[in-house]
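Chemist: Chains as they are written, first to last, in my numbering: chain U, 1 to 315; chain E, 1 to 315.
The hints are simulated quantities; they were obtained by calculation from the structure and are not laboratory data. Keep in mind that a hint or two might mislead.
[Said to hold, decoys possible] Partial list, derived from the structure: chain U residues whose beta carbon lies under 10 Å from chain E:
| id | residue |
| --- | --- |
| 1 | E30 |
| 2 | P32 |
| 3 | G36 |
| 4 | M54 |
| 5 | T139 |
| 6 | G143 |
| 7 | G149 |
| 8 | L152 |
| 9 | G181 |
| 10 | Y251 |
| 11 | L297 |
Computed from a prediction, not measured in an experiment: that's the story for all the values here. C-beta atoms are modelled at their ideal positions from N, C-alpha and C, and glycine is treated no differently.
Number of protein chains: 2
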Amino acid sequence: MDYCFGIDIGGTTVKIGLFSEVGEMVMRWEVPTRKGNDPSGLLKDVKDALENCMSEKKIAKENILGIGMTAPGPVTADGVLHNAVNIGWGAVCLAEEAEQIIGISPVCIGNDARVAALGEAAFGAGKDAKSMLMVTLGTGVGGGVVLNGHILMGESGVAGEIGHMTIDPYETETCGCGKKGCLEQYASATGMVRAAERFLKKTETESVLRQLEKVTAKDLWDAAKAGDRLANEITDFVCDRLGSAIANAVYLVDPEMIVIGGGVSAAGEFLLDKVAKAYQAKVFAHSRNKKFALAKLGNDAGIMGAAALILSKTE
Amino acid sequence: MDYCFGIDIGGTTVKIGLFSEVGEMVMRWEVPTRKGNDPSGLLKDVKDALENCMSEKKIAKENILGIGMTAPGPVTADGVLHNAVNIGWGAVCLAEEAEQIIGISPVCIGNDARVAALGEAAFGAGKDAKSMLMVTLGTGVGGGVVLNGHILMGESGVAGEIGHMTIDPYETETCGCGKKGCLEQYASATGMVRAAERFLKKTETESVLRQLEKVTAKDLWDAAKAGDRLANEITDFVCDRLGSAIANAVYLVDPEMIVIGGGVSAAGEFLLDKVAKAYQAKVFAHSRNKKFALAKLGNDAGIMGAAALILSKTE
């Protein structure tokens with residue numbers, strides 16, 4: 001039996017999974033993230049963790065097919081990871097360094113959002129689809145495009161960054177990225193709160209939201225589900241922007257299905273329905289019938305996608 | 001030596017090319033498009049044309065690697081061509097019918113805009129790029145995405161239809177597709193004329209365009225090149241919309257280069273420069289450095305892309 005490791009490098013912990021060659025998770029654990037000017041310290045910790053695991057499970061090095069690893073920043077086509085600011089690294093050839101320090105080849109890396117999308121495609125909501133668009137609604141809006149089991153990484157590392165699509169050319173406020181009118185300004189948790197504040201200010205409509213000192217995205221969706229009229233207007237507006245961005249994505253990559261993940265997707269089928277309806281209003285008739293689904297893997301999407309980086313290469 | 005045929009089905013003529021296995025065009029000719037309720041008549045004409053060619057060139061059937069063919073409408077992933085309204089067909093399995101009638105296999109088909117993009121990627125402006133976005137500025141706005149030598153066709157046949165990306169959620173006029181705010185409403189030849197008319201109406205600015213009874217896209221670009229201030233404001237507006245759509249496409253597929261084709265691209269480097277600058281204002285720093293180029297193949301992009309449908313399969 002052959003195995004691979006899937007490694008998800010986060011700001012606080014490094015999640016590690018041992019997977020069988022058919023993609024079953026055999027073991028899953030975490031080590032603290034060692035920060036530094038370069039990845040060498042963190043990679044030494046990973047090396048120790050993997051060697052302990054292999055000795056415990058009596059797995060020989062030649063039975064490890066490779067290591068998949070998420071990279072906490074954009075990765076350009078030359079394999080360089082840029083701006084891993086959360087961890088403190090500069091530009092770094094993460095896969096090469098990892099191969100040298102850990103002593104296992106190949107190490108395949110990919111931007112964390114893209115790898116999480118691959119995880120959903122390989123093992124989660126998109127398991128039976130040939131192609132998939134993932135949209136992650138969290139503090140920001142992330143995403144990924146998976147075609148025939150392979151994640152689209154892009155030349156400059158931004159393939160799948162649907163959150164920074166320009167959706168409104170007349171927006172006056174500036175997005176975290178420096179541009180104006182990005183999807184993220186409307187469909188991230190923060191963007192939804194901003195939309196709620198705007199609607200609350202510009203209308204007089206009664207709403208349970210007016211009783212709250214500070215509205216959160218969860219409050220907004222809870223109120224909408226409970227039938228609050230203004231909350232439904234606000235979520236309709238947000239979903240219109242999101243549906244438009246998803247339609248734009250379909251006009252480029254036309255995947256079989258769309259998977260919605262991230263913290264805000266906890267609003268569940270109610271949110272999914274609104275997004276799907278908004279999408280359908282924006283596309284040609286024969287493109288309306290896309291499957292929409294909620295992400296399934298939660299926090300394990302990263303290590304599972306990392307494993308898929310290796311396993312999809314050995315098909 | 002092996003060969004393939006590339007066939008481009010247009011509303012008036014069917015263009016046919018004979019290509020060597022390394023992609024050289026050996027012969028190129030046209031036959032009139034026979035219209036009908038189904039493709040059988042047209043395919044019989046094609047069969048005769050190909051057989052004449054093979055007998056003239058003394059090429060045996062076993063030396064034909066296959067036939068690539070453009071389809072004049074959207075092709076869904078199940079191989080069905082829909083809405084070939086120009087020619088009169090209903091939904092049809094074009095590749096299967098062609099294989100049966102012509103007696104050569106395989107026949108590979110793809111939507112005409114997508115196949116033309118593949119032509120530019122394989123033999124034209126994108127020859128040295130690994131991945132490419134093509135944008136065709138003509139009566140409408142078309143496009144295609146080529147990744148690693150393969151054209152993205154999409155599940156519902158709309159991959160690459162950048163012209164129907166929603167760019168302006170506040171647009172009040174309706175696009176030919178029935179939606180509002182599509183890129184095509186600003187960046188097609190018709191869209192540019194519409195923009196010119198709007199600017200001429202809402203401003204008093206002096207302009208050579210005011211002396212014309214009816215402004216065309218060519219007039220607009222000629223005036224802009226000659227330094228006309230209003231014409232430059234209008235083309236800047238159009239390019240801002242186009243740059244925004246290309247940036248949105250980069251945030252999804254992040255190709256190595258962008259190729260601009262179609263009748264309006266006759267405005268040349270002047271147009272290309274404006275589009276590239278508008279694009280650069282809409283993306284992250286490390287995605288700014290994309291190659292922009294004008295399409296090279298003109299009317300032969302279809303037959304050449306059709307040949308690439310076969311030759312890229314036999315790599």
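Chemist: Taking the hints in turn, state whether each one holds.
Modeler: Comparing the hints with the structure gives:
| no. | hint | verdict |
| --- | --- | --- |
| 1 | E30 | violated, 31 Å |
| 2 | P32 | violated, 30 Å |
| 3 | G36 | violated, 23 Å |
| 4 | M54 | violated, 35 Å |
| 5 | T139 | violated, 18 Å |
| 6 | G143 | holds, 8 Å |
| 7 | G149 | violated, 14 Å |
| 8 | L152 | holds, 6 Å |
| 9 | G181 | holds, 9 Å |
| 10 | Y251 | holds, 5 Å |
| 11 | L297 | violated, 22 Å |
The structure fails to meet hints 1, 2, 3, 4, 5, 7 and 11 from the earlier list, while all remaining hints are met.
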